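Colleague: Sequence:
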Amino acid sequence: MLDTLSITKIQQAAKGIRRRVLDYVIKNNGGYLSQACSSAEMLSSLYLEIMNLGNVVSPIMPPAFSGVPCQNNPDYLTGAIFNGPKAPHFDRFFLSPSQYSLVLYAALIETDRMAPEGLEQFNKDGSTVEMIGAEHSPGMEIMSGSLGQGLSQAAGIAYARRLKGETGKAWVFMSDGEFQIGQTWEAMQTMSFYKMDNIGIYVDVNGYQCDGMTSSVMNIEPLEERLESFGARVFKVNGHDIGELIAPSKVELDGRPLVVLCYTNPYQGIEILKSYAPKFHYIRFKTEAERQRLSEFLKETYGNSF
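Just remember that this note's numbering sits 1 ahead of the position in the sequence shown, which is counted from 1.
No lab work stands behind these hints: they were computed from the structure. It is possible that part of the hints are untrue.
Unchecked claim - Pairs of lysine-lysine, DSSO-like flavour, derived with a Cα cap of 27 Å:
id: 1; residue 1: LYS28; residue 2: LYS165
id: 2; residue 1: LYS300; residue 2: LYS10
id: 3; residue 1: LYS275; residue 2: LYS16
id: 4; residue 1: LYS237; residue 2: LYS196
id: 5; residue 1: LYS275; residue 2: LYS287
id: 6; residue 1: LYS300; residue 2: LYS28
id: 7; residue 1: LYS28; residue 2: LYS16
id: 8; residue 1: LYS125; residue 2: LYS280
id: 9; residue 1: LYS87; residue 2: LYS165
id: 10; residue 1: LYS10; residue 2: LYS87
id: 11; residue 1: LYS280; residue 2: LYS237
id: 12; residue 1: LYS237; residue 2: LYS28
id: 13; residue 1: LYS300; residue 2: LYS287
id: 14; residue 1: LYS10; residue 2: LYS280
id: 15; residue 1: LYS280; residue 2: LYS28
id: 16; residue 1: LYS237; residue 2: LYS251
id: 17; residue 1: LYS300; residue 2: LYS280
id: 18; residue 1: LYS16; residue 2: LYS280
id: 19; residue 1: LYS275; residue 2: LYS300
id: 20; residue 1: LYS28; residue 2: LYS87
id: 21; residue 1: LYS251; residue 2: LYS87
id: 22; residue 1: LYS237; residue 2: LYS10
id: 23; residue 1: LYS16; residue 2: LYS237
Here the structure is a predicted model, which means the values were calculated and not measured.
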């Protein structure tokens with residue numbers, strides 16, 4: 002049972018994620034805000050309780066882009082440095098939907114892995130703090146490519162780690178829209194066949210994607226039953242309840258890949274976003290009045306807490 006202090010710490014980190022992303026969106030007249038609303042508790046729980054990551058000595062300032070990985074670039078680094086040193090017993094984290102990059106950066110700040118000043122580099126030339134993060138971006142070690150490729154890469158790494166006798170797990174963050182993609186199901190089939198219980202997948206099921214409601218674009222439900230038919234061990238949880246989020250990660254391994262379906266609200270914590278339905282994917286302000294409305298909400302809700 003998680004103690005009250007730990008739960009409060011995770012909740013405060015989730016609140017901080019929303020605060021930072023909302024502040025960025027207001028200052029830059031748009032951004033991926035609903036993703037922060039739906040996934041803040043998920044990422045906070047992963048970083049503060051679920052994943053067994055190595056520590057960082059102090060919050061890291063994101064380095065400048067050093068070029069692509071190649072034999073003539075010895076200084077190349079991936080963003081995995083923000084997740085601590087690699088070791089056989091440590092877990093690895095993989096972000097599949099890169100539109101959540103800003104949310105991940107905020108999570109790294111709130112969990113003391115990234116320097117807050119690093120967010121000022123977001124989406125600027127020469128920076129690794131990219132809007133659509135790549136393998137050099139904070140918290141990332143792979144380029145998940147077109148949406149839906151991240152799970153396959155993470156599964157390959159998890160399988161290689163098992164062959165090497167490493168005990169650390171691979172944790173993957175996914176969005177529900179990725180279950181409209183065939184490669185996702187091929188990866189699930191592979192993980193099931195090879196009995197890969199060293200991988201855990203947390204899915205943000207917020208019900209919306211770029212073109213509106215997931216159910217109207219291409220319905221993925223009943224997702225739990227479909228995943229179980231592919232051999233996964235599935236849990237459905239309230240994606241904003243810390244206890245429910247953490248519980249599946251503590252179950253005894255049984256040879257099946259773990260999938261936690263986190264049903265969430267795309268305007269959780271920022272209720273005035275509800276008026277943007279069903280276009281939550283990227284919030285853009287059509288008028289200055291819209292931005293001012295969110296600015297007032299930020300001040301009333303968080304005050305001068307930066």
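Colleague: LYS280 and LYS28: Cα distance at most 27 Å?
Modeller: Cα-Cα ~20 Å, so holds.
Colleague: Is LYS280 close enough to LYS237, meaning Cα to Cα at most 27 Å?
Modeller: Holds - the C-alpha atoms of LYS237 and LYS280 are around 25 Å apart, at most 27 Å.
Colleague: When you check the alpha-carbon spacing of LYS87 and LYS165, does it fall within 27 Å?
Modeller: 14 Å, holds
Colleague: So if I understand the rule, the pair passes when the alpha-carbon distance is 27 Å or less; does LYS300 with LYS28 pass?
Modeller: This hinted pair holds, its Cα atoms lying about 13 Å apart.
Colleague: Please verify whether LYS251 and LYS87 have alpha carbons no more than 27 Å apart.
Modeller: Holds, at about 22 Å.
Colleague: Given the hint that LYS275 pairs with LYS287, does the C-alpha gap stay at or below 27 Å?
Modeller: Distance of about 16 Å is within 27 Å: holds.
Colleague: Going straight from one Cα to the other, do LYS16 and LYS237 come out at no more than 27 Å?
Modeller: Between LYS16 and LYS237 the Cα gap is close to 23 Å, so the pair holds against 27 Å.
Colleague: For the pair we were handed, LYS10 and LYS87, check the Cα-Cα distance against 27 Å.
Modeller: 25 Å, holds
Colleague: Could you grab the alpha-carbon distance between LYS237 and LYS10 and see if it respects the 27 Å cut-off?
Modeller: 23 Å, holds
Colleague: If you draw a straight line from the CA of LYS300 to the CA of LYS280, is it 27 Å or shorter?
Modeller: The given pair, whose Cα atoms are some 25 Å apart, holds under the 27 Å limit.
Colleague: Need the status of pair LYS300, LYS10: alpha-carbon distance at most 27 Å?
Modeller: Between LYS300 and LYS10 the Cα gap is close to 22 Å, so the pair holds against 27 Å.
Colleague: Holds or violated: are the alpha carbons of LYS125 and LYS280 at most 27 Å from each other?
Modeller: 26 Å, holds
In the structure shown, a violation is registered for the earlier hints numbered 1, 12, 14, 20, in ascending order.
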